[in-house]
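Read off the chains here:
Number of protein chains: 4
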Amino acid sequence: MIVVLKPEAAEKDIEFVSEKIRKMGLKPHVSKGEERTIIGAIGDEALIKEDQLRALRIVEKVMPILKPYKLVSREFKPRDTLLNIGGVEIGGKKLVIIAGPCSVESREQIILTAKEVKKAGASMLRGGAFKPRTSPYTFQGLGEEGLKLLQEAKKETGLPIVTEVMDTGDVSLIAKYADVLQIGARNMQNFQLLKAVGKVKKPVLLKRGMSATLKELLMSAEYIMSEGNHEVILCERGIRTFVEYSRNTLDLNIVPEIKKHTHLPILVDPSHGTGKYDLVSPMSKAAVACGADGLIIEVHNNPEEAISDGDQSLTPKNFAQLMKELKPVAEAVGRKL
Amino acid sequence: MIVVLKPEAAEKDIEFVSEKIRKMGLKPHVSKGEERTIIGAIGDEALIKEDQLRALRIVEKVMPILKPYKLVSREFKPRDTLLNIGGVEIGGKKLVIIAGPCSVESREQIILTAKEVKKAGASMLRGGAFKPRTSPYTFQGLGEEGLKLLQEAKKETGLPIVTEVMDTGDVSLIAKYADVLQIGARNMQNFQLLKAVGKVKKPVLLKRGMSATLKELLMSAEYIMSEGNHEVILCERGIRTFVEYSRNTLDLNIVPEIKKHTHLPILVDPSHGTGKYDLVSPMSKAAVACGADGLIIEVHNNPEEAISDGDQSLTPKNFAQLMKELKPVAEAVGRKL
Amino acid sequence: MIVVLKPEAAEKDIEFVSEKIRKMGLKPHVSKGEERTIIGAIGDEALIKEDQLRALRIVEKVMPILKPYKLVSREFKPRDTLLNIGGVEIGGKKLVIIAGPCSVESREQIILTAKEVKKAGASMLRGGAFKPRTSPYTFQGLGEEGLKLLQEAKKETGLPIVTEVMDTGDVSLIAKYADVLQIGARNMQNFQLLKAVGKVKKPVLLKRGMSATLKELLMSAEYIMSEGNHEVILCERGIRTFVEYSRNTLDLNIVPEIKKHTHLPILVDPSHGTGKYDLVSPMSKAAVACGADGLIIEVHNNPEEAISDGDQSLTPKNFAQLMKELKPVAEAVGRKL
Amino acid sequence: MIVVLKPEAAEKDIEFVSEKIRKMGLKPHVSKGEERTIIGAIGDEALIKEDQLRALRIVEKVMPILKPYKLVSREFKPRDTLLNIGGVEIGGKKLVIIAGPCSVESREQIILTAKEVKKAGASMLRGGAFKPRTSPYTFQGLGEEGLKLLQEAKKETGLPIVTEVMDTGDVSLIAKYADVLQIGARNMQNFQLLKAVGKVKKPVLLKRGMSATLKELLMSAEYIMSEGNHEVILCERGIRTFVEYSRNTLDLNIVPEIKKHTHLPILVDPSHGTGKYDLVSPMSKAAVACGADGLIIEVHNNPEEAISDGDQSLTPKNFAQLMKELKPVAEAVGRKL
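Residue numbers (our numbering), protein chains in the order written: chain R, 23 to 359; chain G, 23 to 359; chain W, 23 to 359; chain S, 23 to 359.
These are calculated hints, taken from the structure and not from any lab test. Since the structure is predicted, the reported quantities are computational estimates derived from the model, not experimental observations. A hint or two may mislead.
Identical copies look the same in the list; a pair holds intra-copy or inter-copy alike.
Unchecked claim - Below, simulated PhoX-like cross-link-like pairs (lysine-lysine); rule was C-alpha separation at most 25 Å, straight line: (1) K237 x K176; (2) K116 x K170; (3) K282 x K346; (4) K28 x K49.
Model the full assembly from the supplied sequences, consistent with the hints where possible.
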């Protein structure tokens, strides 16, 4: 931690700040420049109460040197994490493609869609039973009934299930049915929920919040891991910007960047990330080209009748076409579909 | 709802979309321009499945005419909502000033601070017992112990208590101690939590999420009201932008704008909104000048030892000075402190 | 254009607005819903003075139906524009790769770099002689001397030259030396400069501004084309967002989206778009995978001594490696390098 | 400047970076922590080529300590700059109110508006003769004819004139007529134009760009001052964010913040900053309450017929009302109207 003092700092101020650092269990290291004095705090940065230093009126700024996360970091575990979920590997050479509808709407819809996406090459099935909706007056999901339909679809196709958990009270129920628990973007900093899924033995798919920085995403993963659950999969799904032509701005730059900082796998969700069905295919290819470990794609057997997100869903036919076109892109960057 | 068709739309497409609208229980109204055909959907807009229309491949765009919220809207209830919380009015001529520390840290800290802010003119006490923290390794709040200390502070000073609830499982516990339940920015779209606080008989202070639009903030308030709890107080606390000199960008523009759309009162939190103690005073005055119904301000008896957010906390002395300076500003815009 | 009236609009208001529309030379088309009256303005939307309608106190909102641009639009010219610049095609099956240093610094530097990028497969050379720099105290470019060095590099390698023009007063000078005039992001809405380059017979590379919408980018291209110069190449180079880990947020989503709206080619600049040399390679592949017509990449023979932007420049060796890795990606999406 | 090395840095890397710093004319100061080595560069930070340090592959990050601007800084000139423009003071106790239409449209319009705003208490007149417009097909201003009409309005009312200059080629023409040269938001980083207005003897009103940081705004002011023109007035006019209910997000936080860094006066433009006439009054009061040195407000004698920006213009009557309401707010914060 580097503490920069204001230009007017006198000897007694320097000593005061140094003493403060010493009391935190670190060693102050004073360096007087021509215009500013800076004090380094040497030792375990976790001991530092950064806010307390920043609150000192003689301090101009505080600049951390080390990263605030541990278990998620590549320094802690240099090799990529490789998960195996019901026989499906995530984080290896083979890409994982998770497909399915936004919401589970009916037996026919989910089973038909599951069969179609399996045929086209998907390796896991997504579908929401508990749905976060902006309006209290719109369809909120089928609840446990939806979970049971997902289970049926799994029986029919063998595809492991990914579904969202929105509340600590639902974690154990959903964990009975799901193979992967999804934390949605709106709950990325619902810390109680992160702790709760950290305590179950199920992989967690953690979606980046709409205004989350890379550091915040990793800190949320750290919450889950610090409770003992090390099976975390990250997911980029678009950030909120001024841009008007896509529902969100899919930020693919995070894919190669985050791999420098963490050993966890990262997927991309181009359906929510763009909000437009005709951008899903090109952005899926781009995601694979820049190193994503897989994709999560909305597919609906009849998007024009979908209860939610029809405008960003592919038809099974479009999805099959996408899978065909993705194959050479994956191979071009040394991956497999 | 206005549906704009793509230029290539033929008669049969127009009929197809019109039929779709009829099936939703509305009346289509076709208007052919020189370059585009547009179809109005007349009737109860709540019946429209907007996503389904948007998903039609012949549709270029869908433009809603009406607002998606009801109970929160000024059209539904033209007069300002006026709350009375333990004798403290919110939404009237007198401004409400809520002050106190970020976290409850100890009996001495909370009681001393409570007395100081009361003396300076605050009318309610804030303090966190359950704290949302970015890192799992930092202080997470005293929990129920903190709630008890808040209760003691209330006994000593008479100030009603505002404290945050982060999880559906904690709602009933916190409702026993608190006079106002706060929903933090990170939980603004934790819809299960919104429903849960909608079911208790306690006023709710709903903070705007870091990337929430005005419409999303009102929809979250609508969630609470749709469960039967009509005592909702909105709060602007800064949005996330590219700006580098404040922790968030306090967006005061929402204050006069939201009053056109809703009857609910709106407060401003300049402490979180800027993240810098020396911006709290000028931005407090600005908030009052543009019509805020009150302020929520972090005050700590010793910011340089605060466990969290010391860098944005005022000392009791600074706070007393701010109260003195606020008075003429409030009067200049026809309000009272 | 759709004009939505406020709920309180009476017959006389409807007539007033209708008359206003008639005076603009369009036909009003009134449609009374249950809660709002809306008026369509039918005819040539270019005649509408949108601001005047929006300024009417009885108007709630004004929603345009048609697009404000013409010459750039795909409706005006459905087929892709294909440019030929000194034998190099832009907008066709073959990707164009423009490479070179941020600034021209010396004869040795530019000629060495030009030879290296040519050897690796680049088809045009970039280099700044007039440099936009945030600080007046940093290197501002070699000026005409730099242009002469670029000309020498062209003679040595045959690579056409792309260089930036920053001021109307420099257009004719730079047009003497350059094969493509670049308009930088900071000047995307320098309308006098757009008009000036619209009057010369040289292709223009127009970079997207840091906070430009798709519509604004196209309107700036329209400025150039409306002066008679139809050889415009668009370029995505990153937008400004809250994101902290890249200098800008490279927004690849615009690539497939803009192709729906315009016939003009679009390149991607991953060097400025990310600001980090180790993100250039993965994001270059992503750009090609989602449909970019080419790339513009900073290459410096010795980045650690570069006067500007060394931190985002590739070495010639890195660049050659990138070109090798790009080839299969280009082929995977049906393009050639 | 603090240079943080990557964890794998060896002795020879430390020496290599230190030598690099020495060659720049500064003294390296090595400090080895438990997990990172950091090197301070002591001396004149202006000598440092930050990009070159950042480009070193062994460097993790580079953190500047000092500010990149000089002439604009409060350290350079601790006392507030006070300008006198034709008898009107800017930067003193009395607020400056600049009012007038977006564009000069006709003799009648500008003279009528000038008289009205003067009567209501404005001290300067604004009006555009050269207009930056997003579309090449909309009204581009009356040009020199507009300047002459502004001059007439000045003769009639005595109000000094503020008008925009968009191109280096127009600077001398406009300087003949105007009392203050305005640099618009879109040209804030048109560095050639900044240098050009830095060479004339006229005060410059520099508007913040839509995505400009505080540092970038000050660097642009530094450009003007570094050419010898020290009469610079800053102006906040809204930034681009995700927010949907105002054309821009007026960022008042910059007002108290920038006063810590610079001695230059800062105005606020609530008309462009919000884009809505009914937000102008509350946000004007907020701007004054948080310390702005004045306002620049669009007033049109007939907004519903204005050629541009009618939707954000006040009528003369609204403006007179605003001036009346502003007075007590100004006095409440120790200023005068």
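Now the hints, each set against the structure:
1. Within a single copy, K237 and K176 get their C-alpha atoms no closer than 35 Å, and across copies no closer than 38 Å, so neither meets the 25 Å cut-off.
2. Taking CA atoms no more than 25 Å apart as the test, K116 paired with K170 passes in neither setting, with 29 Å inside one copy and 51 Å between copies.
3. Within a single copy, K282 and K346 get their C-alpha atoms only as close as 30 Å, which misses the 25 Å cut-off; across copies the closest is 23 Å, which meets it.
4. Taking the shortest Cα distances, K28 and K49 sit within 25 Å of each other both inside one copy (20 Å) and across copies (21 Å).
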